[in-house]
Amino acid sequence: MNLELRKIEIKDVVFGEETGVKDGVLTVCKQDIINELMEDVNVKSIKVDIAKPGEKTRIIPVKDVIQPRIKVEGKGNGFPGVTSEMVQLGSGKVNVLDGVAVVTIGDIVGFQEGVIDMWGEGAKWTPFSKTLNIVVDIEPVEGLDPHTHEATVRVAGLRAAELIGKAGKDAEASTVDRYAMDDIFTETSKYPDLPKVAYVEMLISQGLLHDGYIYGVNSQKILPTLIHPNEELDGAVISGNCVAACDKITTYQHQNNSAILDLYNRHGKDINFVGVILTPELTTLEGKFRTCDYTAKLCKTLGVDGVVVSEEGYGNPDSDLLMICKRLEDSGIKTVLITDECSGWDGMSQPLADTTPEAVAVISTGNVSHVVELEPADRVIGSAEAIATLAGGWEGCLQEDGSMVCELNAVIGATSEIGYHNLTVELY
Amino acid sequence: MSYKVLYYVNQFFGQVGGEDKAGMAPVMKDEKVGPALGFDQLMGEDVEVVGTIICGDNYFNENNEEAVKFIIDAVSEKDPDLVVAGPAFNAGRYGMACAGVAKVVADELKIPVITGMYAENPGLESSRTKAIVVETADSAAGMKKALATMSELAKKMLKGEKLGYPEDEGYFAQGKRLTVFSDKRGSERAVEMLLARFKGEEFKSELPMPVFDRVEPAAAINDLSKAKIALVTSGGIVPNGNPDRIQSASAQKWGKYNIAGKDSLEGEFYTIHGGYDPVYANELPDRVAPLDMMRKFQKEGLIGEVYEYFYTTTGTGTSVGNSITFGREIGKELKEAGVDAAILTST
Amino acid sequence: MEQAFVVVTNNPVVGKDLGEIMVVDGSFEDVLLKVRDLVYEGHQLISHPIGASMRMLFSPYRSVLVGAERSETKEVYALTIESSIDTFRRSTANRNVDYVNADDYARIDLELLKEAIKEHGIIQREKIQEVQ
Chain A
1 MNLELRKIEI KDVVFGEETG VKDGVLTVCK QDIINELMED VNVKSIKVDI AKPGEKTRII
61 PVKDVIQPRI KVEGKGNGFP GVTSEMVQLG SGKVNVLDGV AVVTIGDIVG FQEGVIDMWG
121 EGAKWTPFSK TLNIVVDIEP VEGLDPHTHE ATVRVAGLRA AELIGKAGKD AEASTVDRYA
181 MDDIFTETSK YPDLPKVAYV EMLISQGLLH DGYIYGVNSQ KILPTLIHPN EELDGAVISG
241 NCVAACDKIT TYQHQNNSAI LDLYNRHGKD INFVGVILTP ELTTLEGKFR TCDYTAKLCK
301 TLGVDGVVVS EEGYGNPDSD LLMICKRLED SGIKTVLITD ECSGWDGMSQ PLADTTPEAV
361 AVISTGNVSH VVELEPADRV IGSAEAIATL AGGWEGCLQE DGSMVCELNA VIGATSEIGY
421 HNLTVELY
Chain B
1001 MSYKVLYYVN QFFGQVGGED KAGMAPVMKD EKVGPALGFD QLMGEDVEVV GTIICGDNYF
1061 NENNEEAVKF IIDAVSEKDP DLVVAGPAFN AGRYGMACAG VAKVVADELK IPVITGMYAE
1121 NPGLESSRTK AIVVETADSA AGMKKALATM SELAKKMLKG EKLGYPEDEG YFAQGKRLTV
1181 FSDKRGSERA VEMLLARFKG EEFKSELPMP VFDRVEPAAA INDLSKAKIA LVTSGGIVPN
1241 GNPDRIQSAS AQKWGKYNIA GKDSLEGEFY TIHGGYDPVY ANELPDRVAP LDMMRKFQKE
1301 GLIGEVYEYF YTTTGTGTSV GNSITFGREI GKELKEAGVD AAILTST
Chain C
2001 MEQAFVVVTN NPVVGKDLGE IMVVDGSFED VLLKVRDLVY EGHQLISHPI GASMRMLFSP
2061 YRSVLVGAER SETKEVYALT IESSIDTFRR STANRNVDYV NADDYARIDL ELLKEAIKEH
2121 GIIQREKIQE VQ
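Note that the protein sequences, when read in sequence, are chains A, B and C.
Position 80 (the first sequence) corresponds to 80 in this note's numbering; numbering is contiguous.
Throughout, this note's numbering is defined as the position within the second sequence, counted from one, plus 1000.
Throughout, this note's numbering is defined as the position within the third sequence, counted from one, plus 2000.
Hints are supplied without guarantee of correctness; some may be wrong.
Listed next, with one range per pair, are the computed distances between beta-carbon atoms [said to hold, decoys possible]:
hint: 1; chain 1: A; residue 1: Ile222; chain 2: C; residue 2: Asp2037; range: 28 to 36 Å
hint: 2; chain 1: B; residue 1: Tyr1165; chain 2: A; residue 2: Tyr191; range: 34 to 42 Å
hint: 3; chain 1: C; residue 1: Val2097; chain 2: A; residue 2: Arg178; range: 47 to 55 Å
hint: 4; chain 1: C; residue 1: Leu2079; chain 2: B; residue 2: Gly1164; range: 35 to 43 Å
hint: 5; chain 1: C; residue 1: Val2097; chain 2: B; residue 2: Arg1214; range: 29 to 37 Å
hint: 6; chain 1: C; residue 1: Thr2092; chain 2: B; residue 2: Tyr1165; range: 28 to 36 Å
hint: 7; chain 1: C; residue 1: Val2097; chain 2: B; residue 2: Gly1301; range: 49 to 57 Å
hint: 8; chain 1: B; residue 1: Gly1018; chain 2: A; residue 2: Glu400; range: 53 to 61 Å
hint: 9; chain 1: B; residue 1: Glu1065; chain 2: C; residue 2: Thr2092; range: 30 to 38 Å
Since the hints were derived computationally from the structure, they do not count as laboratory data.
Since the structure is predicted, the reported quantities are computational estimates derived from the model, not experimental observations.
For each residue, glycine too, the CB sits at the ideal point set by N, CA and C.
Isolated chain A, as found in the complex:
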């Protein structure tokens, strides 16, 4: 498969009459977006705002973040299986509005978390303080059942990204990243001496607000599945995860999966990157045993020498992570795990919910309980109640001057377990 991601550098975003890109400035026609999204009968109202890096703006609660793109050559614009018809992804040329993110807000439940601060202390902890954010607030009609409510917000966000992406149709790319990977046998014959590496990507798959989708198929329904890395880079995997702000894999992060990108970088040089295995994190123990056995077996069938395993979430998925690790290590396959931890406010607690001695190589992407102080914002895009939930965590969260302390758990992308962000943990 051959995929080209052509990055159009966007330096500013403004509202205007017509959606388009000129001289690095993205103009967005707010009304066009609103009109199109309102075509869904389940949508009651749409608001669109812009938040730029450095502004004292807070976005809360964030549901998903999506990168606006348009496929200029080849099939599969939008999100096949979800917003557009099913096609095989992973090939062609895609124009990417680089530096722009579509951020959806609109809570399905009151306890949803996810804050993006565009300035100050809070900005350091999220990668999305550095993107020009087009914030889409989606309000569904009353009386929807929760599944329909979630789907409505999810799809509207993806459609918004699709619409905005169209602006990049004729724009010129400043950089072009090429992802070319043939079948495993061809690649192996090219690089017979390089160690074979697979990437196991665990996805939260436990029900409402805890979902992932592959070509629109809910990941709770699948057995661990082999997928070509280009497919994920091309939009095959999207997020239905509305909890765990700090480590949920947003759609943007699927489109730009850093583990895939970093492995791809080394392909043909230090490693032979054979592919990605998507592994659902199920709720039942039998389900976990099955997916972990199956994942390990797929790795063995591919004849890999090493595997990078990433997790999504905290708590019961820690069991899956370590079971997969143990099965691989026992088979002589070297693993590196990427996970976040929960070591308490003082960093003194046992970091994971589970342990296994075979996990000798682990990357920690941060302590979700690490406390940060957020200054009061000049502008809040989203809901004030969400701030109250954030601030209601414990006594003394919210201070008199409006600043508040919150855990990294609530900050979008802070402890990304695909290693998207650059936090680590040191022992003192």
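Following the hints, put chains B and C in place on chain A, whose structure we already have.
Using the frame of chain A, we list chains B and C on its own:
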């Protein structure tokens, strides 16, 4: 800016006496005694050791409430910026006392504490999270080096400077996991770590897994009514007078006593364990080591027989290393004697 | 492995229409402790006792699937429930239970429970019993 330091030592380093003085109650000396003097000199002009507390190791461990009160009063009187204890090297009871000092000063009085211990000192476990515990040699031969490291770190602590990594600075990791920014994103670090594994290069996991000491349980007993059961305790139950001088804490030995023909330990045994209120155990030692119940079961035919020897030691403050040794030694004797199972009580 | 299940729960919106339920009159932690007791009595632990995110640990309500019949106490079930209780206590030590959003948590707990039941397979015993 000048700083005040309060120093804590035991009876030996306080130059009062040896084992014979281990029961001495704490005293406060205005002078710098023993290591306090060396420490003071290393700290330079801005820092002064304003007093030395000297306390017997046994006293601290056996009269914890009074000892703690003394410390609190002493701190209140001297108002130090830092408290230094030890270094205790591998002396178990001294290490436990330093840990006790760390607990009250750091947790309750919120004043930083620095001490020094050898890696196997039983006091390390509880003190390392509350104080900075410098790693020392196993004997006072390492005093000079210990004080040098302790003073360097103490200077930083007084100035409020952040300490470097434990392995660089020479103290035991407190177990504090601090979230910081790295210059590389997580996935890049992951790929690099995998490459290091392929090449057989050294790498450092960012999340070490705890290692649990798992012991395989022995097979179940087929017929309890024919089994020979031994009674073992770490509750410090010894014959009156403690003829073998088993320690009240940080035991260095275990004892073995013939209990053939005895229906209970009452009257002939008592407790020397320094970790619990002895009143009820002294009244009836079987409350800790239930020989009376075992005899009852034997008479009722529930168990075959009670092994004629009773094994005992003290658990509190006893190092893991010693515990493993005692366990192996006692286990060997029991196995050779054809014992099928042991009742092991602790407190 | 398909066998009849019991829902151990303190969630008021979990109804008998889902199957056999064992109502725990108490907190999230009380539900975990009840599950622990059942595991030690030999019941299979079917669904993982805790959720997949920190947020779900602050829920006032929790439902766990446990096997209806007793057999043997398995190590993996005992270890799982024990470490879940430990994780729960450590993670919620300084936090308030989020009663403000209790209704939402009740709904989501119910949804997740339904998914767990679907994953497991719906096998019912003949009689529906209600046990304290």
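For which of the previously enumerated hints does the structure constitute a violation, in increasing order of number? Of the numbered hints given earlier, the structure breaks none, since each of them holds.
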